[in-house]
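If you're matching them up, the sequences are chains A and B in order.
Here the first sequence is numbered in the working numbering, starting from 2 and rising by one per residue.
Here the second sequence is numbered in the working numbering, starting from 6 and rising by one per residue.
Read the hints as simulated data drawn from the structure, not as lab findings.
Since the structure is predicted, the reported quantities are computational estimates derived from the model, not experimental observations.
Think of the CB as a built atom: it goes at the ideal place given N, C-alpha and C, for glycine as much as any other residue.
Take the hints with a grain of salt, since some may be wrong.
[Said to hold, decoys possible] So the derived label-pair ranges between C-beta atoms look like this:
#1 B:167 x A:311: 55 to 63 Å
#2 A:80 x B:282: 49 to 57 Å
#3 B:167 x A:139: 23 to 31 Å
#4 A:17 x B:140: 53 to 61 Å
#5 B:74 x A:212: 38 to 46 Å
#6 A:212 x B:183: 28 to 36 Å
#7 B:141 x A:79: 42 to 50 Å
#8 B:296 x A:327: 40 to 48 Å
Okay, here's what each chain looks like letter by letter:
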Amino acid sequence: MAGLTEFTAPRDTATRRVLVTGLSTYWGGRLAQALESFEHVDAIIGVDSEDPTRELERTEYVKVTNQHSLLERIVRAAEIDTVIDTRLVVNSLMAAPRIAHENNVIGTMNILAACTGGDSPVRKFVFKSSAHYYGAEQDDPAFFTEEMARPHPPRTGLERDIVEAEQAVSEFAQRNPDVTVTVLRCANVLGPDVDTPFTRMLRLPAVPMVLGFDPRVQFIHEDDVVHALEHAAFHVCPGIYNVAADGVLAFSEIIDLVGRPPLPILPPWGTGAATGLLRRLGFRIPDEVVNQLRFGRGLDNRLFKATGFEYGYTTREAVIKLSEHMRLAPVMRGTDQEYKYEREVEEFLRWSPNVRREQPGERAGLSTESEPLGI
Amino acid sequence: MADEHRTSLAGPVVPAEDAGDEGAPDQLPERRPAELMRELLPAIEPERRLNDWGRSERVDGFMDRTLVEFFYRYWFRVEVEGIENVPSESGALLVSNHAGALPPDAPMIAKAIREEHPSPRPVYITVEHFFKGYPGFSMLIPKTGCVAAHPANVHRLLYDERELVLVFPEGRKGTEKLYRDRYRLRRFGRGGFVEAAMRAEAQIVPTCVVGAEESAPIFGQVDIMRRVTGLLYFPITPTFPWFGLFGMLGYLPAKFKIRFLEPIDTVELGGAEAADDKALVQTLAQEIRAQIQESLHDMLARRKSVWLG
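Starting from the given sequences, assemble the full structure and let the hints guide the process.
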């Protein structure tokens, strides 16, 4: 459509040296893998306090704790022009509240501090945020647009952290107007690989629901999140964007697509107390998801589409893909081997001058079966 | 391929230039033109049974063919005037008077448009947020086209999706009216509906419904019961002692008359820019209220009998 191309965000060809935070997390690892396939990206450096778990070819991993002075030194030394921050913990079950707070708020402030300064080489900062920023309450609008401030104060510690982290990012953006800051508020993610509360719930033999409620839920496929981060990295799109797939489905529709029976066991009042009981039975629903199971949440995703991004999957298609994967899983179990990242060995084989190489271009020791992801 | 996406900045893209007119990125990018945003609305997926608002054609159609049809044709014997005032294509805000208890005026208006209009269209009915939190109800009513009465929802329906939206500006105050106050319109609040229509550049169609008040008369409100049960209201209706709250659905067969008045074009009045003018919004709200009141008086004066019309 002729009208649309006028409004596609301009390509950003100056993105060449990228720093990815949280390399050991699911998103950091996948993003780094995806970025490796773009030739015009000269350098990809990943930082984390833990070792990465994915197979990476040309991403350099630097183990560093969350100190902004060290991060700043890395950024300046490598002349990083783009920082993509994917560390945000969006699931309160993944980490203890104190650790999540430290990671989300202090960690974000540290990485931002590492990018400040008039002579900093960073000219682009992409922040992966979450739709938990908006919350899910009874009198919320059916579709959240990016202009809307959060209508209700945050209920859980995680939501408070996310709000604080976004505030830090927006303050950074105000103080550094020559840095393109993109914030992507991602909806709940679904996909074969990723582990989120909703994927766990949908994999249960019967999916728990709140009695008498059929909330509207909207997802996004894991591949689309990675593509969204790439899109933000390679285009100039400053500002806050909702990243969510087309289609807001009723939870009953979703359960039907997955092919499991619904289990309306959570009482409509005192749902919080009931989740405590569930926890003792072995299944835990994070607090920030409980409200979503009652009222649901929808996001208006058109602003990001207006920058030229195309979603690969609608919400319905994402659910179908997950259900297909779930059906195949018993058959496919064991066929893909987990990559055992022997870091020191890889480092030795890659960088050591004592390793004999037959040709200058050949890099000894790297697995040849690996196929880079991405376009 | 990449060149197709370039703007007039032909050289290496400098972020400062692009961010210049938008200032610091915490200022959100300005809204793109309406046509573009409408094009980007999610496409209809044919396999889905519900749309994004939770509306189900199946349930809606079923209720329409059975319960609503019965009430429309045989119980209330609805008569409609001025159906041509409801636009066939663009979004429009239907503004109506509301009766007490759980009145059937909303479904009757929606059915009237489906039956009498040359190009029948679905109507989205705005309901209180309360229903979203009520188990059972919250599952059922979105399927028949009820959406929560949030200004953002109304805006999206009117502006982006260009649908018909029905609002009752009297709101809760309207449903609390006792029988002796019937057809006396309560205040229309701060005129939020006018503001919503102006921002969405949609027409306002004032609508008058006669008959709903008598079909579900409230004789008294019991405040204590209201507070205890947490419901919006606890009315005493003719069927009260026998059926309790479900008695609210036992309607008396009053004759319904629906009249659609001439639409008000908000674009002529200033559209989205004028929506910030509080005085204009209030004046317009009062005017619409007066129009509906006058028309109600006219219809009541002509009405010979409550039950037979």
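If you check each hint against the structure, which ones fail?
Violated hints: 1, 5, 7, 8; rest satisfied.
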